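A.B. asks: Residue-level listing of the chains:
Number of protein chains: 2
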Amino acid sequence: MTQNIYKLTILKLDHRPERDKRITTHCALVSRAFGADEFYFSGIEDKKLIENINKIKKTWGGDFKIEYCKTPLKFVKELILKKWYVIHLTMYGLNITKEIENIKKIKKNQNILLIVGGSKVPREYYEIANCNVAVGNQPHSEVAAISIVLYLLDSNQLNKDFEHSLIKIDPDSKIKKVINL
Amino acid sequence: MTQNIYKLTILKLDHRPERDKRITTHCALVSRAFGADEFYFSGIEDKKLIENINKIKKTWGGDFKIEYCKTPLKFVKELILKKWYVIHLTMYGLNITKEIENIKKIKKNQNILLIVGGSKVPREYYEIANCNVAVGNQPHSEVAAISIVLYLLDSNQLNKDFEHSLIKIDPDSKIKKVINL
Numbered sequence: 016m017t018q019n020i021y022k023l024t025i026l027k028l029d030h031r032p033e034r035d036k037r038i039t040t041h042c043a044l045v046s047r048a049f050g051a052d053e054f055y056f057s058g059i060e061d062k063k064l065i066e067n068i069n070k071i072k073k074t075w076g077g078d079f080k081i082e083y084c085k086t087p088l089k090f091v092k093e094l095i096l097k098k099w100y101v102i103h104l105t106m107y108g109l110n111i112t113k114e115i116e117n118i119k120k121i122k123k124n125q126n127i128l129l130i131v132g133g134s135k136v137p138r139e140y141y142e143i144a145n146c147n148v149a150v151g152n153q154p155h156s157e158v159a160a161i162s163i164v165l166y167l168l169d170s171n172q173l174n175k176d177f178e179h180s181l182i183k184i185d186p187d188s189k190i191k192k193v194i195n196l
Numbered sequence: 016m017t018q019n020i021y022k023l024t025i026l027k028l029d030h031r032p033e034r035d036k037r038i039t040t041h042c043a044l045v046s047r048a049f050g051a052d053e054f055y056f057s058g059i060e061d062k063k064l065i066e067n068i069n070k071i072k073k074t075w076g077g078d079f080k081i082e083y084c085k086t087p088l089k090f091v092k093e094l095i096l097k098k099w100y101v102i103h104l105t106m107y108g109l110n111i112t113k114e115i116e117n118i119k120k121i122k123k124n125q126n127i128l129l130i131v132g133g134s135k136v137p138r139e140y141y142e143i144a145n146c147n148v149a150v151g152n153q154p155h156s157e158v159a160a161i162s163i164v165l166y167l168l169d170s171n172q173l174n175k176d177f178e179h180s181l182i183k184i185d186p187d188s189k190i191k192k193v194i195n196l
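As you go down the protein sequences, you meet chains A and B in turn. Residue numbering for the first sequence follows my numbering, beginning at 16 and increasing consecutively. Residue numbering for the second sequence follows my numbering, beginning at 16 and increasing consecutively.
For the record, the hints were derived by calculation from the structure and aren't laboratory data. One or more of the hints may lead you astray.
Said to hold, decoys possible - In silico DSS-like pairs for lysine-lysine, Cα to Cα no more than 27 Å straight-line:
1. A:Lys135 - B:Lys70
2. B:Lys92 - B:Lys62
3. B:Lys63 - A:Lys135
4. A:Lys135 - B:Lys36
5. A:Lys175 - B:Lys135
6. B:Lys175 - A:Lys135
7. B:Lys191 - A:Lys120
8. B:Lys192 - A:Lys135
9. A:Lys62 - B:Lys36
10. B:Lys189 - A:Lys119
11. A:Lys122 - B:Lys191
12. A:Lys73 - B:Lys135
13. A:Lys189 - B:Lys89
14. A:Lys80 - A:Lys70
15. A:Lys183 - B:Lys135
16. B:Lys183 - A:Lys113
17. A:Lys189 - B:Lys120
18. A:Lys189 - B:Lys98
19. A:Lys175 - A:Lys73
20. B:Lys135 - A:Lys63
21. A:Lys92 - A:Lys123
22. A:Lys97 - B:Lys189
23. A:Lys36 - B:Lys70
24. B:Lys191 - A:Lys98
25. A:Lys119 - A:Lys98
26. A:Lys135 - B:Lys191
Stated by the list, open to error - Incomplete in silico selection of chain A near chain B, CB under 7 Å:
27. Leu109
28. Gly132
29. Ile143
30. Cys146
31. Asn152
32. Leu173
33. Asn174
34. Leu181
The structure presented is a predicted model; accordingly, all values stated were derived computationally and were not measured. Where a beta carbon is used, it is the ideal one built from N, C-alpha and C, also for glycine.
With the hints as constraints, model all of the structure from the sequences given.
C.D. replies: See the structure below:
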């Protein structure tokens with residue numbers, strides 16, 4: 016769906032279905048809508064989450080992939096060995112407004128992994144990441160952090176069509192208009 | 016905290032503490048971090064939510080206000096009578112990328128209310144809003160929608176300091192640095 020040569024992948028750490036169900040779902044939906052290629056989540060396996068996102072994909076199109084990641088630290092280390100650029104999104108990191116131009120340049124030549132945290136992110140992720148980046152240094156939301164970074168990487172994404180969709184919205188100022196394709 | 020003469024207020028409809036606890040919390044935190052002045056939520060009253068956001072405000076500064084709104088449709092109608100500009104954020108609306116310049120102009124002369132939905136938003140809100148606006152016409156998240164609209168209205172917000180905070184982050188590429196003020 017995206018026209019990148021290089022992949023943009025999201026890893027959401029420490030999913031807990033009881034507590035995080037909707038947050039992780041929103042993280043995945045935002046990743047898809049804003050142009051990421053893949054979404055992995057670690058923590059507790061959750062087939063219902065995968066099913067829900069795949070249902071959305073079937074209806075709304077695109078070739079977004081969602082998968083469970085059992086061993087996230089090993090996964091990140093493997094990507095680093097494969098020369099991926101790893102960004103950990105955390106409120107403690109360097110402000111995205113200063114880092115975005117550098118990240119845009121990197122994206123032209125390397126696959127990118129964006130890691131977003133769970134409750135407490137182990138120190139290893141701060142150390143292993145190529146860069147720790149903050150979407151502002153205030154507490155807010157991993158859902159917002161993903162959306163802002165992806166929007167800054169490709170602001171045209173919000174106007175793009177998704178291939179093979181079954182329905183499509185006809186944008187309107189006053190009413191709901193849905194087109195069956 | 017914001018330097019607007021005119022107010023920017025968020026209304027989150029239909030809060031259900033059991034199901035939406037973290038989503039509404041994230042909506043409020045994003046509203047604060049990205050520069051809104053006030054946050055109202057309708058649905059079920061939730062003192063814990065208000066307490067949590069006020070704790071964040073005490074620690075991290077600013078003068079953001081959160082309040083429960085018992086009668087949201089009445090509230091919106093009253094603001095319209097007071098010449099507020101009301102934007103309903105919905106995936107069925109006009110794409111924000113086309114509407115943002117118009118909204119920026121309006122913000123110089125009018126208070127703005129941004130409404131974000133719950134599960135099913137009653138038709139009245141679509142009709143009563145001055146405009147229905149979509150952050151892309153794909154399903155994703157009210158948390159992301161708020162963050163993108165507020166970011167587009169004031170992209171400098173992510174670099175601003177919040178007044179009267181007890182702590183502050185010293186942004187770093189590798190470790191957590193917190194300054195006690």
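A.B. asks: With a cut-off of 7 Å, does the beta carbon of A:Gly132 approach a beta carbon of chain B closely enough for the hint to hold?
C.D. replies: 12 Å, violated
A.B. asks: Can you confirm whether the C-alpha distance between A:Lys189 and B:Lys98 stays at or below 27 Å?
C.D. replies: 19 Å, holds
A.B. asks: Run the distance test for A:Lys183 versus B:Lys135: straight-line Cα separation, threshold 27 Å.
C.D. replies: Measuring from Cα to Cα gives roughly 19 Å; hence the hint holds.
A.B. asks: Going straight from one Cα to the other, do A:Lys189 and B:Lys89 come out at no more than 27 Å?
C.D. replies: Distance ~19 Å between A:Lys189 and B:Lys89 Cα, so the pair holds.
A.B. asks: Hinted pair, alpha-carbon criterion (27 Å max): A:Lys97, B:Lys189. Please report holds or violated.
C.D. replies: Measuring from Cα to Cα gives roughly 21 Å; hence the hint holds.
A.B. asks: Is it true that the CA of A:Lys119 sits at most 27 Å from the CA of A:Lys98?
C.D. replies: 16 Å, holds
A.B. asks: Next pair to validate is A:Lys73 with B:Lys135; report whether the Cα-Cα distance is within 27 Å.
C.D. replies: 22 Å, holds
A.B. asks: Have a go at the A:Ile143 hint: is there a Cβ in chain B nearer than 7 Å to its own Cβ?
C.D. replies: 10 Å, violated
A.B. asks: Check the hint pairing B:Lys135 with A:Lys63 against an upper bound of 27 Å on the C-alpha distance.
C.D. replies: Between B:Lys135 and A:Lys63 the Cα gap is close to 22 Å, so the pair holds against 27 Å.
A.B. asks: Against the 27 Å threshold, does the CA-CA distance of B:Lys192 and A:Lys135 hold or violate the hint?
C.D. replies: 15 Å, holds
A.B. asks: Check whether the Cα positions of A:Lys175 and B:Lys135 lie no farther apart than 27 Å.
C.D. replies: 25 Å, holds
A.B. asks: Holds or violated: are the alpha carbons of B:Lys189 and A:Lys119 at most 27 Å from each other?
C.D. replies: Holds, at about 20 Å.
Going through the hint list in order, the structure does not satisfy hints 28, 29 and 34.
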